[in-house]
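Residue numbers (this note's numbering), protein chains in the order written: chain B, 102 to 349; chain G, 631 to 882.
In case anyone wonders, no lab produced these hints; they're calculated from the structure. From a predicted model like this one, the values you see are computed outputs, not experimental measurements. The reader is advised that the hints may include incorrect statements.
As the list claims (entries may be wrong) - Some residues of chain B that are not near chain G, with every Cβ distance over 10 Å (derived):
#, residue
1, Trp134
2, Gly169
3, Asp185
4, Val263
5, Pro266
6, Asn312
7, Ser324
8, Cys342
9, Trp344
As the list claims (entries may be wrong) - Which chain G residues face chain B? A few, computed with CB under 7 Å, are given here:
#, residue
10, Trp653
11, Ala679
12, Ala682
13, Leu697
14, Leu705
15, Gly711
16, Pro714
17, Gly736
18, His738
19, Tyr743
20, Ala762
21, Phe765
22, Gln768
23, Ile769
Even glycine gets a Cβ: it sits at the ideal position worked out from N, Cα and C.
Chain by chain, the residues run as shown.
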Amino acid sequence: MKRRDLLLAAAGLLVVWQALAWLLDQAILPSPWAVALALGDELLNGDLLRHFLASLWRVVASTLLSIGLAAPAGLALGQSKRLDRIFAPVIYILYPIPKVVFVPVLLLFFGIGDLSKILVIFLILFFQILVLVRDQAAALRPELLRSVRSLGAGRRALFRLVYLPASLPGILTALRQSIGTAVAVLYVAELFATRLGLGYYIYFQGSTLLNYPAMYAGIVMMSLLGLSLYFLVDGLEKRLCRWRFAGG
Amino acid sequence: MLELQRLTFAYAHGAPIFDGFDWQAQRGEAWAVLGPSGCGKSTLLNLLAGLAQPTAGRVLVEGQPMLRPRPHTGLIIQDYGLLPWASVRENAALGLRVRNFYGPDGVHAPRDYTPTLDVDAWLERLGLLDVAGQFPGQISGGQRQRTAIARTLALQPDLLLMDEPFSSLDALTREGLQDLTLELWAEQHLTLLIVTHAIEEAAVLGQKILLLGQPPNRVPQVIDNPGVGRPGYRESAQCQAVVRELRERLLG
């Protein structure tokens, strides 16, 4: 995607927003400019940055946790048909369950701190990464492994030179596909029993303080959080998996 | 250089493919192993490469039993042997990276090995410098096999094992690579063993041709083909005669 096209699209969306604000002319839809002012003010003088950082930390921690656990598990399942036969039915049942329904359960078990929120996102990302990395590791041709082994590669070198790079696209594709869902679920999780995080901030500004420009500022920050993570993963994928985008 | 002593090999729950099979090859010879599919050609190669272990008997390379892949043996397979995510240059240097990974321990790399990743001389020799930055998916099948050859030769092998390396290539590319293989065989003083199901290929590349039949293989059938490597041998009457003989033996 060209940068110029993205900027044009963003400008277009702002114009539509501005037009709607004029047409409706109500407090619940302030203009982009009013929201921008509120955003600056809340970031500099208010609490918005603290809430943003709390949410960012939860997403980043759960992402790292998911990669750290799901990638090795996916590699193991992809390599071992026996392990996969045992776990495939379990994954098959758990994978389609919308993980957001576990929010209340996790809150009950892990309390109102960071851990319950991190675990919710972890549940979503874990299964995505697990399944994609497993499929990628299983798709490695035996001929490829045979020829690399013939070059003298033992288990460690195979892992470093074959399995690790082979699982990278799976990890990044999984992240790209599910980072949006993860941020959405984070929002839901932050509505409950917490006083920190963008979800709480948005809800509190909108329903209690009726400070609509600040509420929208929170929404903008949440969108930026999702967008920037998406762009980061997308960029990493283009950079680290260059071979997938090179024309044949 | 290569020796099979009373070799017996069977896959789990299968009938033996080799049964008390004796065979040997001398250093510097070029061997072709020919036979129908399922005759045990690739199995033989895996055993010689140390990627499979005999059920009974011994597989010796330079007098050593093959318990694991040996640093001085190169193996080239039909296709899919290159890492799709690595450039031609990185693929050509893969064997060196494996060696650098372990260091000169005498198991994964020879003890006298000096770590390097420089493969440009090989890329140049094989005409790959222009595509060195491209990925395997972007180059032709012939270039991919050249890359596999560069990767193997960068390790300075004394034994080169090839498993139907050119069977997915078009006729002209295949002939070009067959000639290149013979050039490199002579130039690098290699012992060469190529597994093929193509009769003409066996006649062009094998100074000696080992014929395998329907398993179990008990006694080796060897055909001498001393003209291999001479310029124009491919078109010679002698080569055609070998092709005819091989065809007759395979049929009957």
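Hint check results:
1. Trp134: Trp134 (chain B) clear of chain G: closest Cβ-Cβ about 47 Å, beyond 10 Å.
2. Gly169: holds, 22 Å
3. Asp185: At roughly 20 Å from the nearest Cβ of chain G, Asp185 (chain B) sits farther out than 10 Å, so the non-interface label holds.
4. Val263: violated, 7 Å
5. Pro266: violated, 5 Å
6. Asn312: It holds; Asn312 (chain B) is separated from chain G by about 50 Å at its closest Cβ, greater than 10 Å.
7. Ser324: holds, 33 Å
8. Cys342: Given a closest Cβ separation of 7 Å, the condition is violated.
9. Trp344: violated, 4 Å
10. Trp653: Hint violated; Trp653 (chain G) Cβ to chain B Cβ min 21 Å, cut 7 Å.
11. Ala679: holds, 5 Å
12. Ala682: violated, 10 Å
13. Leu697: This hint is violated: Leu697 (chain G) lies away from chain B, its Cβ roughly 13 Å from the closest one there, beyond 7 Å.
14. Leu705: Leu705 (chain G) check passes; min Cβ-Cβ to chain B is 4 Å, inside 7 Å.
15. Gly711: holds, 4 Å
16. Pro714: Holds. Min distance 6 Å.
17. Gly736: violated, 11 Å
18. His738: Interface hint status for His738 (chain G): holds (4 Å vs cutoff 7 Å).
19. Tyr743: violated, 10 Å
20. Ala762: Because about 14 Å separates Ala762 (chain G) from the closest Cβ in chain B, which is outside the 7 Å limit, the hint is violated.
21. Phe765: holds, 4 Å
22. Gln768: Cβ of Gln768 (chain G) sits 6 Å from chain B, so the hint holds.
23. Ile769: violated, 9 Å
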